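Asks: These protein sequence lines map, in sequence, to chains A and B. Residue 393 in this note's numbering sits at position 393 of the first sequence, and the numbers go up by one each step. Residue 33 in this note's numbering sits at position 33 of the second sequence, and the numbers go up by one each step.
None of these hints come from the bench; they were simulated from the model. If you're wondering where the values come from, they're calculated on a predicted model, not measured in any experiment. All C-beta atoms in this analysis are idealised placements derived from N, C-alpha and C, irrespective of residue type, glycine included. Any given hint could be a false lead.
[What the hints assert, rightly or not] Below, computed lysine-lysine pairings styled on BS3-like, alpha-carbon distance capped at 25 Å:
1) A:Lys-391 / B:Lys-52
2) B:Lys-59 / B:Lys-10
3) A:Lys-339 / A:Lys-361
4) A:Lys-274 / A:Lys-389
5) A:Lys-274 / A:Lys-150
6) A:Lys-172 / A:Lys-90
7) B:Lys-3 / B:Lys-59
8) B:Lys-3 / A:Lys-62
9) B:Lys-10 / A:Lys-62
10) A:Lys-146 / A:Lys-274
11) B:Lys-52 / A:Lys-61
12) A:Lys-62 / A:Lys-146
13) A:Lys-361 / A:Lys-274
14) A:Lys-339 / A:Lys-389
15) A:Lys-2 / A:Lys-172
16) A:Lys-146 / B:Lys-59
17) B:Lys-52 / B:Lys-67
18) B:Lys-10 / A:Lys-61
19) B:Lys-67 / A:Lys-61
20) A:Lys-274 / A:Lys-254
[As the list claims (entries may be wrong)] FRET-style restraints, in silico, Cβ to Cβ:
21) A:Asn-277 / B:Asp-20: 52 to 62 Å
22) A:Asn-109 / B:Glu-6: 47 to 57 Å
23) A:Arg-238 / B:Ala-53: 46 to 56 Å
24) A:Ile-141 / B:Lys-67: 19 to 29 Å
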Amino acid sequence: MKQQAVITGIGVVLPGVMSLEALWQTQLQAATAIRPLSSRLHGSRIDEADLGELLPSRLAKKLDAFTRYALIASEFALNDARVELDTLDKTRSGVFVGNAFGGWRFTENELRHLHNDGPRAVSPFQATSWFPAAPQGQITIHYGFKGHSKTLMADRASGLHSVAAAAQQIEKGGLDLAIAGGCESTNTDFVRTALENFGSDDGDAALYAPLSTSASRFAVSEGAVFLVLENATRAQQRGAYVYANVDGFAIATKPCAADRYQHDSATMMRAMSKALNGAYPDVVMPDACGVADADAVEALAIAEIAGRAAIALPKVKFGHGYGMEGALDIAYACLMLQKQQRLPTQIDTPLASLKTLRHSKTVNAAELDRILINGCASGGSCSSLLLSKGKTKS
Amino acid sequence: MNKRVELLNKVLHCVACYLDRETQSLHRLSALEDDYGLDSTEMVCIAVDLEKALGLSLKGIAFGSLKTPDNIVEAIIRLHPQLLAEPQRAAALA
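Whenever a hint applies, use it, and build me the whole structure from the sequences.
Replies: Here's what the structure looks like:
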């Protein structure tokens, strides 16, 4: 029998944000965390001083920033879920990580050491710090989890894929519990350089305003968001608070150039329809690429599939978080379902195709049962994940 | 100071720096793995730190198989016996 996967814990490490209360508050303030990161790229970055001594220094120096963020966010998520680790069957507990860029901050330093001082000066931890599965390895080692675990790389959709993969393992009875989410460290010379061309479409604009008629410039974020997913029966038995049920996930792909996003709205529509499976969302949280043609395609799909829903774009306050973005949207969706409050749209002049959707400049009380979250990957892949309000409460 | 003790102090200092601990809190016979939790990759870091501190190449020493700070000292002396020689003798051996 298929089990129900539910979300019982959330942990976040974002620029200026280390708690769920702070995460919610970012959406109520006019200010954003977005600043110039270079002459051609805007975004938000984590001040490492905010992390203090949350990790032992001996461990921290072996790790790239994206793994440090992941370890801290995982711990926050487990604490939020009030999981007693001693009661877990570690062979039925897994870790799922979404990531797009890997550990370039560590790598850049070591490349400098190699160039300036030769190979003996390169840290032996280079080998284990840079690769995208490093957070998965460190989290599983830290908690002794030995169940099915995976790192998923699907560009901006990585975080959605990671949570969906964890939910699937729980649904089919392979795992009791999973830590799932995504992490990125984008504050590096290499990543900035890679993204500068991408983000320069509307270089004179001051704002990241995706899906909008306003002049917009792309912005990038960094950090980690991890969730605790459990079998609903187990969560209920231990009296856990359930933020949301993971009700559906779908991927639709129509290949396009490897560095382009989907140009056919029917592909996004297919992913959204399959994830909804006949249900209707109260809120849609778009991928919101921030590139005009990709945004137009997604807007058409949203209008067609969920034209009466509200739209929420909390990422406008940080920039796009790539591998962690899907998990961040899920975190915001969980808080909306918990509080029964709809977040502001966060853009003032939505694209004309979105005019039938509900927009708001403030937080509103609302009856929220279902929230649909989109994610896109370059090469033509579109993903959609459906959450519904949790049915079990402590 | 006895040259062996001097070398031991440098080894303990490097290990202590890596561990973020006071040198005095380490003992020459303590187990690097069991007492300090050092793994083989961390031992490579310590080997490189030691090379810098001593101004010597330590290539050829299997650091992963050394159990205590004393073992490290023995291995370095085997590779560089001139370290225990008097200055004139060391210059001749170098």
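Asks: If a hint holds in the structure, say so; if it doesn't, say that too.
Replies: Hint check results:
Distance hint between Lys-391 of chain A and Lys-52 of chain B is unfulfilled; the C-alpha atoms sit about 61 Å from each other, more than 25 Å. With a C-alpha separation of about 18 Å, the suggested pair Lys-59 of chain B and Lys-10 of chain B falls inside the 25 Å cut-off, and the hint holds. Distance restraint check for Lys-339 of chain A and Lys-361 of chain A: the Cα-Cα separation of roughly 17 Å lies within the 25 Å cut-off, and the hinted pair is therefore satisfied. Pair hint Lys-274 of chain A plus Lys-389 of chain A holds up; C-alpha atoms about 19 Å apart against a cutoff of 25 Å.
For the given pair, Lys-274 of chain A sits about 24 Å from Lys-150 of chain A by alpha-carbon distance, which is consistent with the 25 Å threshold. Distance restraint check for Lys-172 of chain A and Lys-90 of chain A: the Cα-Cα separation of roughly 17 Å lies within the 25 Å cut-off, and the hinted pair is therefore satisfied. Of the pairs offered as hints, the one joining Lys-3 of chain B and Lys-59 of chain B holds, with about 21 Å between alpha carbons and a cut-off of 25 Å not exceeded. For the hint pairing Lys-3 of chain B with Lys-62 of chain A, the CA-to-CA distance comes to about 33 Å; that exceeds 25 Å, so the pair is violated.
Between Lys-10 of chain B and Lys-62 of chain A the CA atoms are separated by roughly 23 Å; this keeps the pair inside 25 Å, and the hint holds. Of the pairs offered as hints, the one joining Lys-146 of chain A and Lys-274 of chain A is violated, with about 32 Å between alpha carbons and a cut-off of 25 Å exceeded. Between Lys-52 of chain B and Lys-61 of chain A, the direct Cα distance comes to roughly 19 Å. Compliance with the 25 Å bound is thereby established for this hinted pair. A hinted pair counts as satisfied when its Cα atoms are at most 25 Å apart, and Lys-62 of chain A with Lys-146 of chain A qualifies at roughly 22 Å.
Proximity of Lys-361 of chain A to Lys-274 of chain A is assessed by CA-CA distance (about 30 Å); at most 25 Å being required, the pair is judged violated. Restraint check: the Cα-Cα separation between Lys-339 of chain A and Lys-389 of chain A comes to about 10 Å, which is no more than 25 Å; the hinted pair holds. A C-alpha spacing of about 6 Å is found between Lys-2 of chain A and Lys-172 of chain A, which places the hinted pair at or below 25 Å, so the restraint holds. Pair hint Lys-146 of chain A plus Lys-59 of chain B does not hold up; C-alpha atoms about 37 Å apart against a cutoff of 25 Å.
At roughly 21 Å between alpha-carbon atoms, Lys-52 of chain B and Lys-67 of chain B fall within 25 Å of each other, so this suggested pair holds. For the hint linking Lys-10 of chain B to Lys-61 of chain A, the alpha-carbon distance of about 22 Å falls within 25 Å, and the restraint holds. Note on Lys-67 of chain B and Lys-61 of chain A: the hinted pairing holds, with a Cα-Cα distance of about 23 Å set against a maximum of 25 Å. This hinted pair checks out: Lys-274 of chain A and Lys-254 of chain A have alpha carbons roughly 15 Å apart, not beyond 25 Å.
Asn-277 of chain A and Asp-20 of chain B have their C-beta atoms about 53 Å apart, which keeps the hinted 52 to 62 Å range intact. Checked against the hint of 47 to 57 Å, the C-beta distance between Asn-109 of chain A and Glu-6 of chain B comes to roughly 32 Å, which is inconsistent with it. For Arg-238 of chain A and Ala-53 of chain B, the hinted distance range of 46 to 56 Å is satisfied, since their beta carbons lie about 52 Å from each other. In this structure the supplied range 19 to 29 Å holds for Ile-141 of chain A paired with Lys-67 of chain B, their Cβ-Cβ distance being about 23 Å.
The structure fails hints 1, 8, 10, 13, 16 and 22 (numbered hints given earlier, in ascending order).
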